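Per my numbering, the sequence shown starts with residue 7, numbered consecutively.
These are computed hints drawn from the structure, not numbers from a lab. On a predicted model such as this, the values are computed, not experimentally measured, just so you know. There could be a bad hint or two in this list.
[Unchecked claim] Straight-line distance between alpha carbons at most 16 Å, and here's what the computed EDC-like set of lysine to aspartate or glutamate pairs gives:
#	residue 1	residue 2
1	Lys30	Asp78
2	Lys40	Asp97
3	Lys40	Glu24
4	Lys30	Glu88
5	Lys71	Glu24
[Claimed, not checked] With beta-carbon atoms standing in for the labels, derived distance ranges:
#	residue 1	residue 2	range
6	Ser41	Leu96	20 to 30 Å
7	Arg52	Ala98	36 to 46 Å
8	Gly70	Leu93	14 to 24 Å
9	Ile91	Met48	15 to 25 Å
For each residue, glycine too, the CB sits at the ideal point set by N, CA and C.
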Amino acid sequence: MSKERFASVCDAIEDVREQAGNMKLRSQLMMLLKSHIARTGMSQARAAQLFGVTQPRVSDLVRGKIDLFSLDMLVNMATAAELHIELPVLDAA
């Protein structure tokens, strides 16, 4: 039995490279938003109001339910929270 190695857990979970890349970005944004909520000490209700979503959506975010969030939605939530987002694109070559 050979042991396959992956660059990240997202690469191991997703069969398609593009899906793995999308999952990595969603994961980073979710962690950023969760950290912002904790750092500012805001309630989930206040975070929901700020992000323009419902409190149960914030609960899903905090609990890491990545499959429930699109990249667009997470970018919109981060922007609503006035977080600065940059996307460095690295050439794989």
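Hint check results:
1. Lys30 x Asp78: Satisfied, since the Cα-Cα distance of roughly 14 Å is no more than 16 Å.
2. Lys40 x Asp97: Given pair lysine 40, aspartate 97 is violated - Cα atoms ~29 Å apart, limit 16 Å.
3. Lys40 x Glu24: violated, 24 Å
4. Lys30 x Glu88: violated, 21 Å
5. Lys71 x Glu24: Violated: lysine 71 and glutamate 24 sit about 19 Å apart, past 16 Å.
6. Ser41 x Leu96: 20 to 30 Å: Holds - the Cβ-Cβ distance for serine 41 and leucine 96, about 23 Å, lies within 20 to 30 Å.
7. Arg52 x Ala98: 36 to 46 Å: Distance hint for arginine 52, alanine 98 holds at roughly 41 Å.
8. Gly70 x Leu93: 14 to 24 Å: For leucine 93 against glycine 70, whose Cβ atoms are near 21 Å apart, the range 14 to 24 Å holds.
9. Ile91 x Met48: 15 to 25 Å: holds, 19 Å
Of the numbered hints listed earlier, those contradicted by the structure are 2, 3, 4 and 5.
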